[in-house]
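K.L.:
Chain by chain, the residues run as shown.
There are 2 protein chains.
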Amino acid sequence: MNNFVFISPTEFVFGKGTENKVGSLATKYGANKVLIVYGKGHAVKSGLLQRVEDSLMNEGIMCYKIGDIAPNPTDDKVYEGIEIARTYHVDFMIAVGGGSVIDTAKAIAAGVPYEGDFWDFFQGTARVKQALPIGVVLTIPAAGSEASGNSVITKRDGLHKLSIRTDRELRPKFSIMNPELTISLSPWQTACGIADMMSHIMERYFTNTTDVELTDRLCEGTLKAIIQEAHKVMLDPSNYEVRANIMWAATIAHNGLCGVGREEDWASHFLEHEVSAVYGVTHGAGLAVIQPAWLNWVSNHRPEKVAQFAERVWNVEKRKDLRMMTVEGVFAYKKFLKSIGLPTSFRELGIENPDIDKLVYKLHEDKGEFIGNYVQLDRRATREIYELAK
Amino acid sequence: MNNFVFISPTEFVFGKGTENKVGSLATKYGANKVLIVYGKGHAVKSGLLQRVEDSLMNEGIMCYKIGDIAPNPTDDKVYEGIEIARTYHVDFMIAVGGGSVIDTAKAIAAGVPYEGDFWDFFQGTARVKQALPIGVVLTIPAAGSEASGNSVITKRDGLHKLSIRTDRELRPKFSIMNPELTISLSPWQTACGIADMMSHIMERYFTNTTDVELTDRLCEGTLKAIIQEAHKVMLDPSNYEVRANIMWAATIAHNGLCGVGREEDWASHFLEHEVSAVYGVTHGAGLAVIQPAWLNWVSNHRPEKVAQFAERVWNVEKRKDLRMMTVEGVFAYKKFLKSIGLPTSFRELGIENPDIDKLVYKLHEDKGEFIGNYVQLDRRATREIYELAK
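Those sequence lines, one after another, are chains W and P.
The C-terminal residue of the first sequence carries number 443 in the working numbering, and the numbering is unbroken.
The C-terminal residue of the second sequence carries number 443 in the working numbering, and the numbering is unbroken.
For the record, the hints were derived by calculation from the structure and aren't laboratory data.
Warning: the hint list may mix true and false statements.
If several chains are the same, the list does not tell them apart, and a pair holds so long as it fits within one copy or across any two.
Only pairs whose alpha carbons sit at most 27 Å apart, straight line, appear in this in silico BS3-like list of lysine-lysine [as the list claims (entries may be wrong)]:
1) 98 with 388
2) 226 with 388
3) 182 with 285
4) 74 with 86
5) 420 with 285
6) 443 with 118
7) 285 with 391
8) 69 with 373
9) 226 with 81
10) 93 with 69
11) 388 with 371
12) 93 with 226
13) 74 with 388
14) 358 with 69
15) 226 with 285
16) 285 with 373
17) 285 with 86
18) 182 with 226
19) 81 with 182
20) 69 with 391
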């Protein structure tokens, strides 16, 4: 186990009706003028945005807004938000939505007090030292951004999808999580969220670091809970209890707990980011295509941990032939993804002839020559994984 | 699942050599004059206390000290600490030790700015509204006090062992956790700590609240990891990796994560507190006697969750006869406790004829007529459990 620091300072306020606490929570954390960031209109149509504004204004907080944030959020909205926030001297960000909305709010929060171009942070030429504080009203359990100090933004010029990771600066002060708000999610949105949160755990689970039994068990337990609840939610999408378990699982998957004391992998996310940047697919659906292909590939090179994953998560019988265990484990994982309506190949994702040359080129341009930790991947390896995903 | 708020604001600094960061961490959190609380001399003999003082003084922090804190810590040391802290205008508490030392530091921290008697907090006639900030250098993984806002103190007059629970006020600002410091723990201390951390999970696991699949899985996974590492540590006590998993497990067991969204039970802890208050036994050893007896008793009245515990934690075969599953589960649990050298009856604990009248009387005097959540226990029930523990 490696040395580590763990802190989860975000106040998670979870349960029915909790969005009505946004005003009192924002006041508690010092908000006077907020910029509300939201998405493609669902928050408007459902009346949620109005409830959030009412709650804030009841506390005497001034509200400015920026909407229309799309999945795979882009830099133009960040520049626009920074401009608004500076003009009106906003001192607090409120994100009402899922990962794309929250990530945009975080990028704006980092950009406002910074003299240079916010993209510097994503390119790694500057570090976030201060940012506006952020509060979240979560509507889609998937990205885990409500619990992390991370953000992923795509630069439209060149379609570079890059991420930043901070320890504290971009962690939300509070995240309001009402599972009732997720009941209206479509089966597709629900399934894509499930693939994303499972991947967040797997990116941490597959590691070079040994002797991390406790974190392994936490990862496996969270995965098992997600799998059980995923089957249930497809049959009974308006079940509050099932939605509640799924919503909290997305947070546990990404608040750092499942990764303490170990190197993390993140190769599948990096491989996928190029796919969603180039083809505009939903991130979770892209992961459902890429992660099984990655698992298949690493099983050929280093089966041990994949065999443990097969046994403990997918109830594959333990035996000496680890490679056979991995085959059964990856099969069970793909079968599960299909059962909740997800694609597990480029073809099923609607991409008949992926431009693998371009994906490999962009990937290594963005991330360097080697990616991943469990197995280090070079250009030949990443090409093979994209091929396996066809 | 119930509505809940989860926050884990303590900065856990985990790994080799981390105790040397105590000075810089105390400075980061605003310390100028600290009162160091420590135990029965091991921290002195091992040189740890000196290293802590050196690190603090290198940062220009003034150090005062109070030592000789015993297991099942008592009110007299709290009064003494409050006096010292007030006299020298201490602004920060540093606990160097295990649960007893940390709980004493917390009680002092709450008492210093309070005009009345600190015991008011424990009796429930006053609430902690402010407290000196606290930092921890942990030496015994067991109580989980490094991660909680709780404290347990025994009033010598009448031997009342009572606890307080705060959301934030008594959470340590930082907790330094170096598993190397735990390698010198005796098998007995190690085993008692293991029984304590397992109990902290079980007190949360057994609940009336349904539909808490994710937290159940986190509880079960943590228990499975503890069981595996417990076997290893008895064979190989100087194995850093094993010690690291056990140390982090004690924190996970008690930082709130395993209890979110559900009512908790705590009957076994309350039953045990009377035993250690009256007979002065080690808390973890007392739990190893009480908790299996409690499990046996509740299995007769409500076997469902005990059967799940048997299946998922102890690999008992699933079948229709839940009561039989519980018998096998409790048997496996007791066998495990014995295998790491713990007593599982009053007799093995060295108490031939426990004064059950006295224990039952004191228990309900301290805690009221009914205790517990999974099954509510009245005087007849608690008497039967003490009898089962003979």
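K.L.:
Identify every previously stated hint that the structure contradicts and give their numbers, smallest first.
P.N.:
1, 2, 3, 5, 6, 8, 13, 15, 17, 20
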